[in-house]
Every structure is written in structure tokens, then in C-alpha cells.
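Enquirer: Going down the list, the sequences are from chains A and B.
Note that the working numbering has the first sequence beginning at 1, numbered continuously upward.
Note that the working numbering has the second sequence beginning at 95, numbered continuously upward.
These are computed hints drawn from the structure, not numbers from a lab.
Everything numeric in this text was worked out from a predicted model, so none of it was measured.
Heads up, the beta-carbon is just placed ideally off N, CA and C, and yes, glycines get one too.
Any given hint could be a false lead.
Only pairs whose alpha carbons sit at most 27 Å apart, straight line, appear in this in silico DSS-like list of lysine-lysine [stated by the list, open to error]: (1) B/K302 with A/K52; (2) B/K441 with A/K45; (3) B/K615 with A/K81; (4) B/K357 with B/K302.
Reference listing, derived: stretches of chain A covered by chain B, where coverage requires no fewer than 3 residues with Cβ under 8 Å from a Cβ of chain B [as the list claims (entries may be wrong)]: (5) 44-52; (6) 69-80.
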Amino acid sequence: MGEKENSKKEKHENFLKMLKFEEDQELKELLNIQEELERIGINRKDLQELTKSLSKEQKQRLEDLYKEQIKKLEEAIKNEKNKIIEIRQKIAKN
Amino acid sequence: MPKRKLKLEEVKNILGFDKIFHNGYSKFNVLHLGKYCSGVTLEIPQEWRLDEYKNPINPIDYRKVRELTDGMNIDFDGNAEVLLGKYRLSKNGKPVFEITEPKEAKDTMILVTWGGSFNKTRGQTISYAKETGAKFFTKRSSNAGGMGADYWILPVGFVKDREERDVTDILEKLQEDDDKKDFETDQILKKQEEERQESIRNKDRILKEIEPVVEEIKKYNSEFQLIVGEDKCNIRYSQHSLLAYKYNDSLVKKLAGILEEEKGKKEAKDEYIPQYQELEELMIKEIGLLVVYGEHGINIKSADGSFNKTYLYSLENFNKCIEDIKNYKSKIEQEKEKARLELERLKQEKELKEKKADAEEKGYPKTFTFSNRIGGKTNLSHAFVIEKDGSIREPDHNKLKNPNHRYHSDWKNNADGVQEYQQIIPGEIIISYTKKTAANPYVLNVEWADGEASEEQLETICEALERAESFAVDSNGNEITSIKEWGQKAIELKAKECKKELVIEENDEFLDSILASASKKEVLEDTYAKAKKLTQEYEQQIEAEKAPNMDGD
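For reference, chain B alone in the conformation it holds in the complex:
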């Protein structure tokens, strides 16, 4: 049976109690004192049983033995577990419980834990214990009384209100279980010892056998370490932690495997480093990633830490690396594009705000509303607010007759209802058409203009009113043969009318005119300079061609 005699300090360390003393009979006395402790002195042996790792097993091991506790006819009102041993009173009259092997036990110390969360058990009262005839009873509970422990000491065969029963078979069964465990542990330990001895015997032979392999491995991996011990050796290499091996054939096989692995790694490293280097030049540097070449692979990371990955020297990893870099590059580009668009949007928003403020100051219409009817046969009407660059402006508010999901995908052609535009800005032109029935012509009208229409605006007008071209009249009922010609004239006319409503300083017109002229002059000067230069070059060419003839003459 594997056992070991423990030192006092070892016992204190394992049990976590300070009040432990030698009692002079090869035993330790443990004063079981504390909030939830019994207050009983526990007498435990100095020699403890060992587990298969040769660790001592704590003898104060409460175990659940229902055959014992259930037959006692006691309502413990909690979870009962037992220690087996002998109970006595010390010379000073203090309770002592000697822990023994099950077969030697006369008494049992029962620990009843009770209460806690969602647990209604509360243990037993002292009066109940007295009435039962317990040799010892104590109750320990939390400050609020919601949880605690009862300690009972009773004879092993105790039955409340009845004669003691014979529990020899229960105790023998427990003893058998303990002995079986000990036997199994003993077998394991013996086997381990045999292996250890065999390892020691093999040590010289195996070391001789593996020496050239180890030397070879070290050539490929300088970090490789073989630490030789008495009955086993430890291997430490690369990213692997310390691995222990006995001196046997499996060690030889393991080292042969490591050698193959290292050879493979070296070959892969020689093959893939140039490829990773090429990739670095082609893709990685361009996107500002940092590459560190290691023994087994490369690490690629970005300065901000958003990309940090390691790739081994293998085809699979190399392909994965390319894929990751591509994805990262595309992600960066997307983010840059997103930022650029956002900046652009903010800029446009600011410009529009300024333009609107300026327009408001100058007296441009604050709102323009128009009732559109596009999807029908009679009483058709539609208005377009056309920006300086020819694009059609989307309304700021819609009061659609039939809230229509199609509006969102095609708002230019699906907008039956009242539409509102807030603050018309300089340069915008508003045109509209109405048509009563199929027999009536389209009546075209310019609702607002502040100057001449740009080419782009005219183009948009022609496009928007294309369907009206063959059957249209102006607001005075005059037939329209060309939308473009009508547009130019009607806009000019409307602009004169609208301008009267605006607070445009004379100086503004002057500044606009000068700015336009100055810009045009600048462009023309540049064109002229280029043309002049080209002329000079041609002239020089002709001069050069003439020169040899003159020499010849």
C-alpha cells in the first residue's frame, strides 16, 4: 500500500490550518477551529496514502455514505457526509475524533451542510440532538442564519429510538473500496517505477543512438535543446515547450521526426523567403505594412495594429497571405474612398448652405411647391427644378398621393402629389408643363429663372420635355416647334421678370462679368502661348531643313 510519512509543515500547508501539533503517538492533532468548523480535535495519522502521482491524500475526507446515515432514523435536514473513526474525550474533557480506517471505526463524525441559495434545509436544533442522544453535536451558521453546518458524532451503528444495528458489512465494503484504490495506485506506481528503471538501463544506448540525430537537428535549428536527466530527458525547440521523454525507442522515433520536420522547415524557408520578399516589394510595402522575417515564418503588421498576422513558410500560408493582403488593401481603399466621399459631401453641404444663405439674402424664392400628376391621362402636370450643371434637383419634401415604394428608386418619374423645394438658389431654372386631356397640347411654362440657361440646362429641358415636342404651346397659347428655342427665349424673358424681385446689387453683376472675363482671358492666354511655342518649333524645324542646302550652295 503506497503511503508516506508527512512532516508537520507539509500537513499545515495541505490542510491550511495552523493549529496542528504532534501528539506523541505518531499522529497529528488538528484543532478544527473556525467559523464553520466543528471545534473537535481531529486526530489524523502521520502516514498518508498516496495517489498515482505520489501526492498525499488528505485523510479528513468527508464521504457520502447513505447506507450509514439513512439507517440512523435521524432527520439531519441537510446534506450529510461522514468521517469514520473513534470518539473520545481528552484529559481536559475536550472532544477528540481519531480518524481511522473504515474497518477500525467505532464512531462516525457527520457533517451536515444546510441552507444557501434556494435551499430550505436548516439543519437540526441542539434539543433535537440531545433528544436523539448524540455523543457530540454543534451547530455553526452564517451571521444571518441562512446557511451553516451541523456536526454530529454518533456510534457507527446508531439508530434513533432503536437498538444499535450491525454495520460491519457497510464498513467492510468501504474498506474494500479504499483497499482497491490503494491496490490500483500501487500497480500504477510499480509500473512507473519499472519504466523508470528500464529508462535508466537504456540511457547510455539511446544517448549514443540519438547523438548524431541531435547534432543534425541543431544544424537546422540552433534553438533545439536536449536536457539529459537521470531517467528521462527534456526536449525544447522552436515554439514547443518543454517535452519530457523516457530513454526508449519512442525517443529515437520522435527525434527522427523532429529532424524531418526541421529539414522540411529549412527547405520551405529557403523556398518561400524570396517569394515573400517579392510580395513585399509588389504589394505589402505599398500599403504601409511592416514585415519581420522569422525562423519559421513572417509577421506582417500595420502601424495602428489593425493588421497583425503570422504566416509560415508554406504554399498554403503564402496563398493565404496574398489573399489577406488583397483584402486589407481593398479595405483600406474602401475606407479612403469613404472618407473622400464624406469630405466631398461635407464640402458640398457647406457650399449649398452658403449658396442658400446668399440666395435668401438676395430674395430668391424660399419655397417652390408644385402639384405633379404624371401617372394618368388627364390633367397632367409636372415641374422640374434644374440646377446650373443640368441635373434635376430632388424635392426636399413630398406629399405623395399614394406613398409609393417606386418613388425611392425612380423619384423623377414616380412623384404624383405635391412636391416642395426649399430655397431656390442662383442659377436654378424651374420649368413645368400641364396637359388637360389627350386632345389638348402640352402647355410649357418657365416658373423661375434668373439668367440665361446653360447648355447643360437646355439639354435637360429638351430631354425632360421630349414627349411634348410634337404637340406643345407656350403659356400664351403660341405653338412651340423647338423646345430648345422656346427654352432659350422663355428663360431669358422670365429672367428679366424674376430679376425685378431680386435684391441684386449692381456691383454683383459687374463682379460676375469681370470674373468670367478674367477667367476666359487666362485660358486664352495659355492657349495662345502654346500655339506660339508650337509655331516657333515648326519654324525652327524648317530653318534646320534649309540649313544644309545653303551649305551645299
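Here chain A stands alone, though its shape is the one from the complex:
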């Protein structure tokens, strides 16, 4: 009985967590770094300055973030290419 109750309680807490929106401060900081780097121009010196306070884990996350963004962009470009091919075919038929 006690176990069941505990399990219910846990599920309920998880559900509440899902509902509750918590801003990811770390991600926000990493995105800011990216934005700032793009604004001033990609260079080693500024990148070093911008990332000097990041922890090892944060650095890893920044690398992963870039990888994820690149992957998404590659996919998006691929989609756009397909779209263009499709539209061209349509125009050709008309």
C-alpha cells in the first residue's frame, strides 16, 4: 500500500514538474556567448575571453550545442533543397 502511494506521489510530482516552466539559465548563457561571438566576429582571442569562466561541463555543453545546431541546420538546408526541387518540378509541369 505504501509503495503504491509513493509511486503515485512521485508521478504527480513529475507531472507538476512538467507543467512548471523553468528557464535554463546555463543554456541562455551559452546562447549569449554564441551571439556575442557572431556579433564581434569569430576569433580565438575573444572566444577565449568569452569562455574563460565556463566550467569543463559547460564547455562540453557549448560544443554539443554547436553540434546540435549544425545538425539541425544541415537538415533544414536539405529540406529547403527538396522543397526547391519539388517547386521547380511543379513549375516545369505548368
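Chain A is already provided as a structure; the job is to place chain B on it using the hints.
Expert: Chain B alone, transformed into the frame defined by chain A:
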């Protein structure tokens, strides 16, 4: 005989002496005083002979008469020249030498110049002159005594230690020469005078004849000037200076010629100015040259003065101008290219220096030496240092076995001996091969690597080891079937090993990775934006095509 009576001031001006006076007998007394002067008062006539330009001829004219001086039996020890005249002592007992015509001369004043550079003559001593019996002798010399002048006065027929000789024939000959010169001058002056008179007589007729021509010339050249004088006129035009002409037919011909010349210039100017203007638009302005159009031609110059040339309005000059401009343009381009290359070289040098310093700090090999043997059948070996962009690096030092001129033209394939590379920098890969005999395979080896090989590097490796492809093994003796595959794996493996020797901060790897990712992301974002825009344009096109059909429905 052409002669003219001179004023005292004229004589002073010509002779350059101040101490000249009238002596009351139509003569001037010249006190010949000064460092190298005789100290004798020279009596010269007021009337001087004239040359063909009517300029007075200086009567104090020492002349070389060897017939006279050589027969005197005197060792003058110098260069002897004579004045002819009469010698006397003044009331005050001072020496006076009156310069006369040769035929009237009783005495001669001999100037003996001696010494100077490389000249051993030293003139004569006073005692020698006394012993000779000279009427007058004086010696003038420089402070050091190396050069000077002796003045002797002797009777014209004087012979030392002998009786006087008769020199009438010598004097007559000199007189004849003078008279002949005078006669010739007289003839020239008379002819000139006749021409002058004729010119004056022709003046009115010629002026009337040339008037319309002059008017016509002035239409073409406003600078033209005809200055009318009594017996001649002066012409001044264009770049020509003042030209004098007598009033005769040659003046008429000259003016007709000038008219033709000016007409030609005007026609050429009208023809070539538009062509030069076109050239200015097409070529000259582009290279920053300044053009000034003149009456007879154009001047083209650069601001720094390195180009400054004038071209007349003619086909020859126009073609020359094009040629010069082309050459100047090419010279400028060459100089610009040279400067650009130099700048590029300096930049690369600086970058390389920085890279080397960085590499040294990180512990990359300071030197790499390898003994190459390419030109043989046995014990072959060769190493290549391949840069990040795939180019093969030239060694910094060579210890070639046979210093070979071919090395300089083909150092990649003519390098038997020890080669040394200083400071290996990040990204460089070193590969090598050895081969003992024809029966043994090529043994391929990666000597150094710090990361993955770039595509360009792999391409170079395949090219450099092409001959080994069919018969090669790696350093462990395993057969190699593909150089590229072997290269990729062996380099990766070697890099892991080499990296252990390097002082690479963890942060460096992180920064490298982020920099590469950020750059890639930027490129992809740009590509995506372009693709998106293109999609939208196509979509709009389709919408536009659909629209009229809908209206029709």
C-alpha cells in the same frame, strides 16, 4: 685698314688694368704692374685694329716668333713670346716699351713663361741676363718659386756673344702677315657694308611684299613677331628665339616657309587634339597623369615627376605617346604588384614566425633531419614535410653529397644528402620511405603528425609515394594496398603518439573545436538563408500563376 680710336675707359675695360693714362701723344701708357707683370710701362696706340666683327684687337699681343728668339743664342729656359716695338727710359729713368708695327720695331720685349706642373723649366737668373747684355730683365715668380715669368728687352737683331744680325726679312714677313689679316678683314667688312646698304635699299619693297604673308602667319600663330630695323628685321615665333634677317629674297622665302609650317601645325593641332583627348579618357586619366594642351603639342606628367614628356601634334608623336603611356602603365602595375607581393611576403613571414614561436612553446620538434638518397638503386630513402595546405616544404639547410645545380631548379627530386628542417609547426606532417634493394618493398613511415591529415595533405602523400603504391609495407611489415588508407590511419595513430610530447592545453583543443564549429555554423546559416529566400521566390511565382485562374473562376 680697319681701325678705331678707343676711349680710355674702353681700353681699361678690355685690358683689365686701372693704371692706364693718356700720354699726350695719341697714345696710352699702360703701367704693367702686378705679381707676374713686367713693371715696364707699355706705350700702346689709341687707334686699334679691328676684327671682322668690328671688335678692337688688343695690341699687347705676345706672339711666338721662333725665327727671332731662336737666333739670339740665349737659353731662355721657358716658353718665349715676343712684343715688337721700341725701348727707352723715361725722364724719370723708368723703362718704357712702345709697341709698334713690326716693320718699325727696333727692340723686342720677350716674355718667357716657365715652370708649372710637370715642367722643369725655371727661366734665367739676373746674372745670366746681365752677362748676356739685356737692355732690361726682370724675374717674376710664384711664392714657392715653381712657376713664373721672365721679361727680357733686347734689340730685335740681338745675338749673344756675337754681332747683331739683320732681321729685316723676319720683321717684313710679320708685317706682311698683319697686313694680310687687315686686308681680309677689310674685305669682309666692306662686303658686310655693301649687304647692309643693299638691305636698306630693298627694305620698302620687301616689307610691302611680306606684309600679307606676315598677316596670314599671325592668324595661325598670335605669338609671331616681326621687329623691323634699319637694315635688318628680327623674327620671333613659337619656340624659336630671335632670328635676324636682311631685307632680301631669302627673308621672303623664310616667311613663306614659316607660313607653311604654321598652317601645317594648325591642321595637325585640329586633327590630333581630339585624338589626344580620346587617349586621355581611355588611358591617361586612369593612371593618374595630368595633361596640358598647348599650341604645338601636349605635356603629360605625373604628380611625382617620374613621367614628364611633351608630344607634338603629329602621327609619329601620337604613336610614341601611346607607346610611352602603355610602358608607364605596365611599369606602375609591375611596381604595384611588386609592392603587393612584398607585403604578402612580409605578412607570411610574420605569420610563420608567430607560428614557429607558438610551436616552440608547445614543444613541436625544433629540428627534423633526414638523410635522403633518391638517385640510386639501393638504400633509397626520402622524407617529405607536408604543410597543412598540402604543399611540400623546402628544407632550411642542405648538406648535399654532390652540390648540384639541378637542386635549385628541382629541389623536390634532386636532394641526395642530409636535409634539415627547423621548427616543425602545427599541422605539418612528415612522412618518409626507405627501400633497401629492388627486391625489397618500400617501407613507409609517418615521422610526425599532430592531428588528422587534411584532404590536400593526403593528396600530396599519394602523389609523393605513387611509385611505392604497388610494392609497399608499413613500419611493422604489413602490406599496404592503398596509400591513402594507410596514410589516414598511420597519421591518426602517429598523432596520438606525438601529442603526448606536446604541451597542448586542454583549452586549446576546446577553442579549436568551437572556432571550427562556429565558422561552419555561420556558413550553414548563410546557405540556409539563401535557400529559404529562393523557396519563397518560387512560392510567390506559383501563387502569381494561380491568381489569374482564380479570377477567371
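Enquirer: For every hint, state whether the structure bears it out.
Expert: Here is how each hint holds up against the structure:
| no. | hint | in the structure |
| --- | --- | --- |
| 1 | B/K302 with A/K52 | 103 Å, violated |
| 2 | B/K441 with A/K45 | 19 Å, holds |
| 3 | B/K615 with A/K81 | 18 Å, holds |
| 4 | B/K357 with B/K302 | 22 Å, holds |
| 5 | 44-52 | holds (count 4) |
| 6 | 69-80 | holds (count 7) |
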